[in-house]
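*Asks:* The chain contents come next:
2 protein chains.
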Amino acid sequence: MDNAVVQKDLAFPIVEFQRRLKAVRQEMAKRRLDLLVVSTPENIYYLSGYHTVGYYSSQFLLIPRNGDPIHITRGIEETNVKVLSWIDRSTSYMDHESPVELLATTIQSMGCANSTIGVEKISWFLSILDYERLKQLLHGAIFEDGSHTVESARVVKSNLELECIRQAARIADAGMEAGIGQIRAGANENDVAAEIQRVVTRMGSEYPGLPIFVASGVRTSHAHATWSGRQILKGDPVLLEISGCVRRYSAALMRLAVVKPASRELERMEEVSRKALENMIEAIRPGRPLEEVWNVWSRTVTEGGYEGRFKRTGYSIGINFPPDWGEGYMLSFKRGETRTLRPNMTFHIPSLVKVFGFADAGTSETVLVTETGCEILTNCKRQLFVC
Amino acid sequence: MDNAVVQKDLAFPIVEFQRRLKAVRQEMAKRRLDLLVVSTPENIYYLSGYHTVGYYSSQFLLIPRNGDPIHITRGIEETNVKVLSWIDRSTSYMDHESPVELLATTIQSMGCANSTIGVEKISWFLSILDYERLKQLLHGAIFEDGSHTVESARVVKSNLELECIRQAARIADAGMEAGIGQIRAGANENDVAAEIQRVVTRMGSEYPGLPIFVASGVRTSHAHATWSGRQILKGDPVLLEISGCVRRYSAALMRLAVVKPASRELERMEEVSRKALENMIEAIRPGRPLEEVWNVWSRTVTEGGYEGRFKRTGYSIGINFPPDWGEGYMLSFKRGETRTLRPNMTFHIPSLVKVFGFADAGTSETVLVTETGCEILTNCKRQLFVC
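Chains as they are written, first to last, in the numbering used here: chain A, 17 to 403; chain B, 17 to 403.
Calculated from the structure, these hints are not laboratory results. Some hints here could point you the wrong way.
Which copy is meant is left open, because identical chains are indistinguishable; a pair holds if it fits in one copy or across any two.
[Claimed, not checked] Capping the alpha-carbon separation at 25 Å, the derived lysine to aspartate or glutamate pairs in DMTMM-like fashion look like this:
| # | residue 1 | residue 2 |
| --- | --- | --- |
| 1 | K397 | E287 |
| 2 | K151 | D161 |
| 3 | K250 | D25 |
| 4 | K38 | E160 |
| 5 | K397 | D189 |
| 6 | K291 | D111 |
| 7 | K24 | E323 |
| 8 | K291 | D189 |
| 9 | K397 | D207 |
| 10 | K276 | D207 |
| 11 | K151 | D84 |
| 12 | K291 | E308 |
| 13 | K46 | E160 |
The following block holds chain A by itself, in its conformation from the complex (with noise of 0.2 Å):
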């Protein structure tokens, strides 16, 4: 492998890559972090470039808070540090040898089994197991939670990441607009799936953090349900959510379709959803606290005559892999979420109507706090399609 000829084809520039470094690096000050196991694919990705697929296998991104990061990965991974990581230096295990094995011996060949390390404890990727065999192999060190060290930089986004989530606001919207066509009565569910599908991965839309939702009738009550090979009936509601994703950054939206004729009570819930949207949407500025931002939500839905007092609506999107496309576990707009709002943050905000046994209606957009407000990246008619 060490003597093919590698092309690098990295997601942004080194600059780029560098300054996130460096914000990382100052929080990690901060914690006063010796050295920080990164273990989330989102946060090693917005570091270094690295990404792949196989992050079942175990992987990290070792940052000493001097010298040079590391990347340990799965033996196969490393074709793509070579390819997509501006890092240079990484480790790798055989699949019969033993990652957190590696990854002691790695910390300590960096010097810092005796540091303060921290570890993402809130990551799906570090395991309980390993983290009790990598504490008893480093019974040196002092472990601190270090989970959202990366977030803290991430969750503003820079303009060469906007650029990323604004092309995929632009698949997102052309995927509705080819879900939408495709409803009527007597059309599959699988059908309307398979040619969103097409659409987005013909103009580049990357493999997505979650699936596209499609559900049709009493199913767009069932939280996150997709296509079943349901079969759309005449006057049948039909939930459609779909991301663009570029560069692993996403955008998302929202419709709700209805096969006609329309029941009177299926618009009145799809006019809340929007309603609720909008006003928040109006409420967003810099400087204000996200649960006043969904106060307005949750009062405009429980005014409309619907249950809105207990769900999130909206969280921050950027970075993506599976099993999901938001940042809500970094910020979402809920009751007692006291952060602020900044400029350069995107969020998406789903604003649903639920009726369980009935129907589910929903209304979404991508959005950008400004330096004065709010910019709708999504640009689809904010209505109920009649189909």
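Once you've looked at the hints, dock chain B against the given chain A.
*Replies:* Frame of chain A, contents of chain B only:
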């Protein structure tokens, strides 16, 4: 929500779920676990039928040694318990509440606060942070690693499960045919991926655990590369790996195509990958250690002049949710794997010959271990496809 009339949509008859639960409880007894906290989405589905794409929010299935199991989900996901699970007891948290606190109080209410509790320490979806908090909240309990308690049953498939995998194999076959049909000089990787997704989704294939893989040219040698907008050129290898997914059960299939003229080197690599797979398949029979079968692959590839010493080749396949379509963490063909094959185990076996910077050649089948040997479930001509 409570007043809605619910039409249940169970993936399997209740007796199938009861059989699974009984097997898991026998394993719990062996391990002396009073309670098992199941957090792996595949395991929750296996035992209950409940599933959602929304497992990025915490969810648990609590299995006491005696008494009724209980679901814990995010509020909006209770809809899916009602529709998809044969288990009726459930409780849920709102988006501003703490899932792990609900987990602790639920365990207390079951009378298990001072019991021996198994948690799946290898599961991605119980974080270190939540586990540490759970131990604080239930300081009277004894926590054991409950990993593989459910998997010990899952690894051998029932006839109902095999029926799903057979259907998934038909879809993978059709997807492969559709993909190969798109390959020609001037075609774009995206178009190939779009057509495969269109075809398999129309056939009812559900969202896959991994995206389909479409890579051309030198990108075939970048592990897990998939569509990137690259234009396919004369002489290019194109590596396709596709899964079908039926009721969350997968089968997968890999083939190499080449836009003519095929180089002698590519032909040779494909031949070695194919022969190594065929030799493995001939070696598969119940009672044989997986390592022994892997040795056959390793020897064939090494004798063919390629690197065959380090990579696993083949993994258990069955229920899948992103980010993996395999069950490789349960059982893989690799060095040191002394466990033995048993009838009704299913595997996907991608035999890869890798030359970084040039190309990877690969051939695979999804297979079933029978009473006497091996049945091949996928059905696609086994050859280098010259397009």
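*Asks:* It remains to establish, for every hint, whether it holds in the given structure.
*Replies:* Now the hints, each set against the structure:
{"no.": "1", "hint": "K397 x E287", "verdict": "within (13 Å within a copy, 54 Å between copies)"}
{"no.": "2", "hint": "K151 x D161", "verdict": "both (13 Å within a copy, 16 Å between copies)"}
{"no.": "3", "hint": "K250 x D25", "verdict": "between (49 Å within a copy, 22 Å between copies)"}
{"no.": "4", "hint": "K38 x E160", "verdict": "within (20 Å within a copy, 40 Å between copies)"}
{"no.": "5", "hint": "K397 x D189", "verdict": "within (10 Å within a copy, 39 Å between copies)"}
{"no.": "6", "hint": "K291 x D111", "verdict": "between (53 Å within a copy, 22 Å between copies)"}
{"no.": "7", "hint": "K24 x E323", "verdict": "between (51 Å within a copy, 24 Å between copies)"}
{"no.": "8", "hint": "K291 x D189", "verdict": "within (20 Å within a copy, 47 Å between copies)"}
{"no.": "9", "hint": "K397 x D207", "verdict": "within (23 Å within a copy, 28 Å between copies)"}
{"no.": "10", "hint": "K276 x D207", "verdict": "within (19 Å within a copy, 34 Å between copies)"}
{"no.": "11", "hint": "K151 x D84", "verdict": "within (23 Å within a copy, 36 Å between copies)"}
{"no.": "12", "hint": "K291 x E308", "verdict": "within (16 Å within a copy, 64 Å between copies)"}
{"no.": "13", "hint": "K46 x E160", "verdict": "within (13 Å within a copy, 36 Å between copies)"}
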